[in-house]
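All chains should be built: construct the whole structure from the sequences, respecting the hints.
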Amino acid sequence: MKIWPGNSYPLGATCDNGGTNFSLFSEVAERVELCLFDDAGRETRVDLPEVSGHCWHGYFPEIKPGQRYGFRVHGPWEPYNGHRCNPAKLLLDPYAKAIDDDVRMDEVVFPYHFSDGPNVRNDADSAPFMPKCIVQQSAFDWAGDRLLRRPWHETVIYELHVKGFTARHPEVPPDLRGTYAGLAHPASIAYLRHLGVTAVELMPVHHFVHDKHLVDQGLRNYWGYNSISYLAPHIDYAANKDPGAAVAEFKQMVKDLHQAGLEVILDVVYNHTAEGNEFGPVLNLKGIDNAYFYRLLEDDCSHYMDYTGTGNSLNMRHPHVLQLIMDSLRYWVLEMHVDGFRFDLAAALARELHDVHRLSAFFDLIQQDPVISQVKLIAEPWDVGEGGYQVGNFPPGWSEWNDKYRDSVRDFWRGQDETLAQFAYRFTGSSDLYANNSRNPFASINFVTAHDGFTLRDLVSYQDKHNLANGEDNRDGTNDNRSWNCGVEGPTDDPNILALRARQQRNILVTLMLSQGVPMLLAGDEIGRTQNGNNNAYCQDNELSWLDWAEADQKLHGFTQRLIAFRHAHPAFRRRRWFLGRAIHGADCEDIAWFTNEGTQMSEEDWGEGFAKSLGIFINGDTIPNPNTHGDPVTDASFYLIFNAHHEMLPFTLPETRWGQRWALLLDTARGWVDAAPPHRAGTCLDVSPRSVVLLQREA
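Oh and the sequence shown: position 370 is 380 in the numbering used here, straight run, nothing missing.
Calculated directly from the structure, the hints in this document are not laboratory data. The structure displayed is predicted, hence computed values, not measured ones. We treat Cβ as the ideally placed atom computed from N, Cα and C, and that holds for glycine. Keep in mind that the hints are not guaranteed to be accurate.
List time: in silico BS3-like cross-link candidates among lysine-lysine, alpha-carbon distance up to 30 Å [unchecked claim]:
(1) 74 to 12
(2) 265 to 251
(3) 261 to 74
(4) 251 to 222
(5) 251 to 261
(6) 265 to 74
(7) 74 to 251
Estimated spans, in silico, between C-beta atoms of each pair [to be verified]:
(8) 271 to 125: 53 to 59 Å
(9) 26 to 52: 43 to 49 Å
(10) 124 to 309: 23 to 29 Å
(11) 668 to 181: 51 to 57 Å
In structure tokens:
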């Protein structure tokens, strides 16, 4: 076989018209073998001939797209010094763009024998149990496709699981269900467009591994927060199982979604890998250069620093770790055309030494990168380490999952005392968190439910978690003390309880879609999806987690679809800038005002009333800065919202005439949308049902 020196850059396998260049970084390696596999699984090993700047490389003129490969790294086995090299272990290329199978979690893929403990080397060959990387050709006909770049304030995010969304979809062909092609099917796209969402946020699609403790119980890592390859799409979600076909299928999915006006945001897990701690398998980085890629304990390098709760944390202090992440991000934007990223446990990425630094090297790299800095960037702004809770502290240009919004809205609607001021902050975009460092309301990604926790229907149906199916005696997951079962735990035939649960779902959806900021809807919440009280279904790759289209709550779906359309139609509920609490642009009323149920403006004493659970909100449609980047202010209708979280009906007096003379009733969550009703005059009194929202529009 011909071998030329090749180049150290780019890393990974790079195929051109003449052959393929391979490059692998390892500071500790003494020798690196490229392992080539034919269709029968026979292996050929060839040493990479050159090393430049710790990158081992070689060019192979005879190697074409579709070739299966891996690496074996020769180097020190010194666990107490952090080194775990072992050429008996086949290693995946960290830069692989396609992988052909799953890891088979046999003892041989672990660096030690289970009976000996993690510091005694296991020299059994892992190749028969390891997937293989595939040399990939990047050609694809994008037909002019490009990033949609929809403005943040026009965005409505829909968090979904690629498999779970279509696994039971009756209009998607059986062979496409649960796949990238299934998500791109016309039936899927038509549903998303009709619902009105503008972006799908895909739970992890980087190739991931099923944990051994789950496999041993007959379970699987359904959510996918266990990445092992940051450039390869997960093979299980590909309908076409041909070598490397997942890449083209993913690209076609993005292209089809873009043509429908839908952005694609990826949930990415760069804070840790599937190799776990010293008891985990050796799949790539651990065997390539363990002490370089992972944070280890300084006083005993055989153990791992764990800021994520998953066993390990990537070492963000080293340039090649940062390069791997940045190269991955650019690849998914430039080659796969995704529109943005949601960073799982993003605070872990900011840890250079121990503390979380808001402007760490990682965020500096993002800021100066001309590609990544221009796409949608969303942080999950916490990790499990000391000082890891960083909501509101990410740099300008970033948006954040706002769990303070989640908790405040839940507390308000379950009738918790002393929540009114917090609720007001969250409803208006959380200016207390984001207004002081040149950030706008869309820095707040508003959500009440997400993949991690109860679904919306379960949130109002259960008080306690029901996670026995996960095999951990119901110890996993968190006891969600902000849920409310409306008086009965779980399923019930009581029509009063069912009506109250339905109303609470509508209350939360209205709050979410009419709040300033960016709403994120969990897939299935609009059709009443239930997980039977399981609030940690990470290992439930079955009908418990998949959307049940046959049992869809069509009434709730219609309500939600109309609600999202209403948000799109009214810029008053998706402002680019903060409310000022005063009249602007020549308007005769403040841009926002707050009222008691007596129709008087809220005083400091009213805000301090710990038992208050209701308020009226005036939103002035004459005072909206232009929603585009330039131009005159735009005009919308003005609105009055009444929130009553009390358990009893309350009378609400409409404000005096300067705020509006006549008000048309649009929505009452106790009844639904109202298409025709006599207008209400200023100063009149409305009886507002317990636990409900009323929306009125000022008549011209």
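These are the hints, each one checked on the structure:
1. Among the hinted pairs, residue 74 with residue 12 is consistent with the structure: their alpha-carbon atoms are about 13 Å apart, no more than 30 Å.
2. A hinted pair counts as satisfied when its Cα atoms are at most 30 Å apart, and residue 265 with residue 251 qualifies at roughly 20 Å.
3. Taken as a hint, the residue 261 and residue 74 pair is honoured in the structure, with Cα atoms around 21 Å apart against an allowance of 30 Å.
4. With a CA separation close to 24 Å, the supplied pair residue 251 and residue 222 stays within the 30 Å bound.
5. Among the hinted pairs, residue 251 with residue 261 is consistent with the structure: their alpha-carbon atoms are about 15 Å apart, no more than 30 Å.
6. For the proposed pair residue 265 and residue 74, the alpha carbon gap of about 26 Å is at most 30 Å, so the pair holds.
7. This hinted pair checks out: residue 74 and residue 251 have alpha carbons roughly 19 Å apart, not beyond 30 Å.
8. Residue 271 and residue 125 have their C-beta atoms about 57 Å apart, which keeps the hinted 53 to 59 Å range intact.
9. The supplied range of 43 to 49 Å is broken by residue 26 and residue 52, whose beta-carbon atoms lie about 26 Å from each other.
10. Separation of residue 124 from residue 309 is about 26 Å and conforms to the stated range, judged on CB atoms against 23 to 29 Å.
11. Taken as a hint, the range 51 to 57 Å holds for the pair residue 668 and residue 181, whose Cβ atoms sit roughly 53 Å apart.
Comparing the model with each numbered hint stated earlier shows that hint 9 is the single one that does not hold.
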